[in-house]
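Take the sequences, apply the hints, and build the full model.
Counting from 8, one number per residue, gives the positions in the sequence shown under our numbering.
A few of these clues could be false.
[Said to hold, decoys possible] Lysine to aspartate or glutamate pairs mimicking EDC-like chemistry, simulated, CA-CA at most 20 angstroms apart:
hint, residue 1, residue 2
1, K25, D93
2, K37, E74
3, K25, E85
4, K37, D82
5, K25, E15
6, K37, E85
7, K25, D92
8, K25, D82
Hints listed in this document are in silico derivations from the structure and should not be mistaken for laboratory results.
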Amino acid sequence: MAADTGYEAEIIRDRLSKLVTLFDITENLKRQVTQIRFDQTSAVWPSEIPSVADFADQYRNRLWMVEQRLGTIRDSIEANRQALDDSYRSLNRADESIDELLRGLQERIDSRPAPVNGSATAHQRQLN
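Okay, structure coming up:
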């Protein structure tokens, strides 16, 4: 039924998997940037030279901004993954409900008694 309603479960599962992969990549990048920022100490950037100290401060601030942006991207990816997963589950529930309804209708049609004297009613001719 899924193909009849315009979505393919495998495609959606593939997209969900890609979002999980993007989340992991983004989370890994964020951790790396955080570590780089923490590594920017006075041992790396001598504070005796004012221009170097200023550069180091700016560099750490930029790294912090990158961290924040990666966190925002990561959160957005997770929100999109969750929304797609929720939609996927909702579509599956709707698909199952429609399948159940159609099976019930088919059972009702199949359980109707055969017409007397072999002639079909107008309603039964419409169903066939």
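Going through the hints against the structure:
Taking the CA atoms of K25 and D93, the gap is near 16 angstroms; set against the 20 angstroms cutoff, the hint holds. Under the criterion of a C-alpha separation no larger than 20 angstroms, the hint pairing K37 with E74 is consistent with the structure, at around 5 angstroms. Taking the CA atoms of K25 and E85, the gap is near 11 angstroms; set against the 20 angstroms cutoff, the hint holds. Our distance criterion of 20 angstroms between C-alpha atoms is met by K37 and D82, whose separation comes to about 12 angstroms.
As the CA atoms of K25 and E15 are separated by approximately 16 angstroms, the hinted pair is consistent with the 20 angstroms bound. Restraint check: the Cα-Cα separation between K37 and E85 comes to about 15 angstroms, which is no more than 20 angstroms; the hinted pair holds. Straight-line distance between C-alpha atoms of K25 and D92 comes to about 12 angstroms, which keeps the hinted pair within the 20 angstroms bound. For a cut-off of 20 angstroms, the pair hint linking K25 to D82 stands: about 15 angstroms separates their Cα positions.
Consistency with the previously given hints is maintained throughout, with no hint failing.
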